[in-house]
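Place chain B on chain A using the hints.
2 protein chains.
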Amino acid sequence: MNTEILALAGGVGGAKLALGLSKLLPPDDLTVVVNTGDDEEFHGLHVSPDLDTVMYTLAGLSNPETGWGIQGETFNALERLTAYGADTWFGLGDKDLATHIMRTMMLGQGNSLSDVTLSLSRALGVAHDIVPMSDDRVRTIVETEIGPLAFQDYFVKHRCEPKATAIRFDGGAAAEPSPGFKRALESSDAIVYCPSNPYLSVAPILEVGDVREKVGHFPGIRIAVSPIVGGEAIKGPAAKLMAEFGIEPSCVDVAKQYAGLCDCFVIDEVDRGVAGEIESLGMRVEVCNTVMVTEQDKIDLGCRMIEIATE
Amino acid sequence: MNTEILALAGGVGGAKLALGLSKLLPPDDLTVVVNTGDDEEFHGLHVSPDLDTVMYTLAGLSNPETGWGIQGETFNALERLTAYGADTWFGLGDKDLATHIMRTMMLGQGNSLSDVTLSLSRALGVAHDIVPMSDDRVRTIVETEIGPLAFQDYFVKHRCEPKATAIRFDGGAAAEPSPGFKRALESSDAIVYCPSNPYLSVAPILEVGDVREKVGHFPGIRIAVSPIVGGEAIKGPAAKLMAEFGIEPSCVDVAKQYAGLCDCFVIDEVDRGVAGEIESLGMRVEVCNTVMVTEQDKIDLGCRMIEIATE
Numbered sequence: 001m002n003t004e005i006l007a008l009a010g011g012v013g014g015a016k017l018a019l020g021l022s023k024l025l026p027p028d029d030l031t032v033v034v035n036t037g038d039d040e041e042f043h044g045l046h047v048s049p050d051l052d053t054v055m056y057t058l059a060g061l062s063n064p065e066t067g068w069g070i071q072g073e074t075f076n077a078l079e080r081l082t083a084y085g086a087d088t089w090f091g092l093g094d095k096d097l098a099t100h101i102m103r104t105m106m107l108g109q110g111n112s113l114s115d116v117t118l119s120l121s122r123a124l125g126v127a128h129d130i131v132p133m134s135d136d137r138v139r140t141i142v143e144t145e146i147g148p149l150a151f152q153d154y155f156v157k158h159r160c161e162p163k164a165t166a167i168r169f170d171g172g173a174a175a176e177p178s179p180g181f182k183r184a185l186e187s188s189d190a191i192v193y194c195p196s197n198p199y200l201s202v203a204p205i206l207e208v209g210d211v212r213e214k215v216g217h218f219p220g221i222r223i224a225v226s227p228i229v230g231g232e233a234i235k236g237p238a239a240k241l242m243a244e245f246g247i248e249p250s251c252v253d254v255a256k257q258y259a260g261l262c263d264c265f266v267i268d269e270v271d272r273g274v275a276g277e278i279e280s281l282g283m284r285v286e287v288c289n290t291v292m293v294t295e296q297d298k299i300d301l302g303c304r305m306i307e308i309a310t311e
Numbered sequence: 001m002n003t004e005i006l007a008l009a010g011g012v013g014g015a016k017l018a019l020g021l022s023k024l025l026p027p028d029d030l031t032v033v034v035n036t037g038d039d040e041e042f043h044g045l046h047v048s049p050d051l052d053t054v055m056y057t058l059a060g061l062s063n064p065e066t067g068w069g070i071q072g073e074t075f076n077a078l079e080r081l082t083a084y085g086a087d088t089w090f091g092l093g094d095k096d097l098a099t100h101i102m103r104t105m106m107l108g109q110g111n112s113l114s115d116v117t118l119s120l121s122r123a124l125g126v127a128h129d130i131v132p133m134s135d136d137r138v139r140t141i142v143e144t145e146i147g148p149l150a151f152q153d154y155f156v157k158h159r160c161e162p163k164a165t166a167i168r169f170d171g172g173a174a175a176e177p178s179p180g181f182k183r184a185l186e187s188s189d190a191i192v193y194c195p196s197n198p199y200l201s202v203a204p205i206l207e208v209g210d211v212r213e214k215v216g217h218f219p220g221i222r223i224a225v226s227p228i229v230g231g232e233a234i235k236g237p238a239a240k241l242m243a244e245f246g247i248e249p250s251c252v253d254v255a256k257q258y259a260g261l262c263d264c265f266v267i268d269e270v271d272r273g274v275a276g277e278i279e280s281l282g283m284r285v286e287v288c289n290t291v292m293v294t295e296q297d298k299i300d301l302g303c304r305m306i307e308i309a310t311e
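As you go down the protein sequences, you meet chains A and B in turn.
So for the first sequence, the numbering used here puts the first residue at 1; every next one is plus one.
So for the second sequence, the numbering used here puts the first residue at 1; every next one is plus one.
Chain A extracted, bound-state conformation (with noise of 0.2 Å):
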């Protein structure tokens, strides 16, 4: 019996768990959905970061030190990029940027991120579907002491320091999801929430047009797993985000953000204390390794979600 899922991604944690579904799933049956709110343009380039990274990751192209951009990088672009007195404090490598040049110009013949991330992609050997979360404009806006921030300047210009107040998601009602959502979340059998953060990763896909509500209603499974581990996010700016909202970082309230729209709640071994908790919320609970290190440890994790997935 095939079991089709739809992951849901953004950067470096959900690029992991979408690698190991990959290694796991036939094609037809894993459609990895992509945060877009933080794509951003550069120099007059469209930069995907979230795209880039799951794609890279698939591709095997990915830094392993840092789990973005590509290995055996080089800056050359950018260094001259300076002395042009260009902006540069998201730091474009020179592979990299044949990604965002090829973007842009596709995008510019009229072709849509779907599709050009789809060319891409396939380009590089990637067997399975990276989709877009849509084809419209969305962008992660950080309200923060400082005013609001574009999520780049928030996330890599402003290292996350100035406290936010509120997060919210220009263009997301207005968004339709790219074809290759509809279609997922009509034919997928379980949906996956990668180990993204909430906040900023998985709340954006889930604001675009009416896909809070198809998420809510779908017929499936729907299986999260919780990026916080112990009390810390694995990666970026989860935890201290949650302190400023005024919330205890830990993976119950991960599991609330979800409440109504998860079935399967996946906490770490360190956290199996607080099942209790998260079960109270409607949800069951699987304990298991969930910090993914080595690349075992992600097909390991994708073999559990693909094991809920079919019970």
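Note that these hints are calculated values from the structure, not bench results.
Given the structure is predicted, the values throughout are model-derived calculations rather than measurements.
Quick reminder that beta carbons are idealized off the backbone N, C-alpha and C, glycines included.
Possibly wrong hints are sitting among the right ones.
[To be verified] Straight-line Cα separation of at most 25 Å, SDA-like style, residue types lysine to any residue; simulated pairs:
1) B:Lys23 / A:Ala83
2) B:Lys214 / B:Asp29
3) B:Lys157 / A:Gln109
4) A:Lys23 / A:Trp68
5) A:Lys23 / B:Tyr84
6) A:Lys256 / A:Arg139
7) A:Lys163 / A:Ala83
8) A:Lys157 / B:Ala123
9) A:Lys157 / B:Gln109
10) B:Lys157 / A:Ala123
11) B:Lys182 / B:Arg212
12) B:Lys214 / B:Val293
13) A:Lys23 / B:Lys214
[What the hints assert, rightly or not] The following residues of chain B were derived to be distant from chain A, with all beta-carbon distances above 10 Å:
14) Asp29
15) Ala86
16) Phe90
17) Ala98
18) Asp263
19) Val287
Here is chain B on its own, set in the frame of chain A:
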């Protein structure tokens, strides 16, 4: 007494003499007007090969091996563009890409090519004005036995191999000279035709709007340096083109191209024997070493230009 010089240049050969002149003249006394008929769009980026060659040369950044491109260049982006299936016969380096990215962005923001060129060259420390021949689109098309080819198609992709039958400059008649070119035509005491290809590099400049007429009535002295020495082109396809057009490649025939537009024709020592033929075209002839290998050669030839202009 200040002598203001307007230098007309194509790529490598023109850049050499422009460099020599720039080492001798204060910024106010030199304007280098550059061919943009060779401009091309690659991967959605606006590339101006001749402007860049002159800019990199005057900035001290150019690759001494080739005369074009940037020293210490890498090609990592191009390798990835190739992986994406892009047509990468035009060898854009990583450092060079920064120029095209900035230019494309600034043009997209509504800046003229003149403004962009000024901004980029000043950022690289070039004090002298480098000016495109026009801010309007002019494209050099080489009619060949295999059909019409855009200049870079002819020059780089096909390595000048197809037999040329004619050259045309699309958009030339309708184009306006750039503001800096107009200003220099009015204020300069001398025009110097750098030793660039008369058909492919200087002709497009003369074909812009009323430039040929203005140069014909130029009140100061007009000095041309032959790019053909001893019957051969120092670089590029000038001699091959002349042969295909049924002309014996020689500096005499270069002089014929400039008949009525030139007062003093400068030939190399090796061509001293044909001075009389050139004089019969109504030009005075000067003989000196015109082959610029070392920086001192470039300064010496620049010095000779200034001597002739100030006589």
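Outcome of the hint check:
no.: 1; hint: B:Lys23 / A:Ala83; verdict: holds (23 Å)
no.: 2; hint: B:Lys214 / B:Asp29; verdict: holds (20 Å)
no.: 3; hint: B:Lys157 / A:Gln109; verdict: holds (23 Å)
no.: 4; hint: A:Lys23 / A:Trp68; verdict: holds (19 Å)
no.: 5; hint: A:Lys23 / B:Tyr84; verdict: holds (23 Å)
no.: 6; hint: A:Lys256 / A:Arg139; verdict: holds (24 Å)
no.: 7; hint: A:Lys163 / A:Ala83; verdict: violated (32 Å)
no.: 8; hint: A:Lys157 / B:Ala123; verdict: holds (23 Å)
no.: 9; hint: A:Lys157 / B:Gln109; verdict: holds (23 Å)
no.: 10; hint: B:Lys157 / A:Ala123; verdict: holds (23 Å)
no.: 11; hint: B:Lys182 / B:Arg212; verdict: holds (12 Å)
no.: 12; hint: B:Lys214 / B:Val293; verdict: violated (33 Å)
no.: 13; hint: A:Lys23 / B:Lys214; verdict: violated (70 Å)
no.: 14; hint: Asp29; verdict: holds (26 Å)
no.: 15; hint: Ala86; verdict: violated (7 Å)
no.: 16; hint: Phe90; verdict: holds (13 Å)
no.: 17; hint: Ala98; verdict: violated (3 Å)
no.: 18; hint: Asp263; verdict: holds (39 Å)
no.: 19; hint: Val287; verdict: holds (42 Å)
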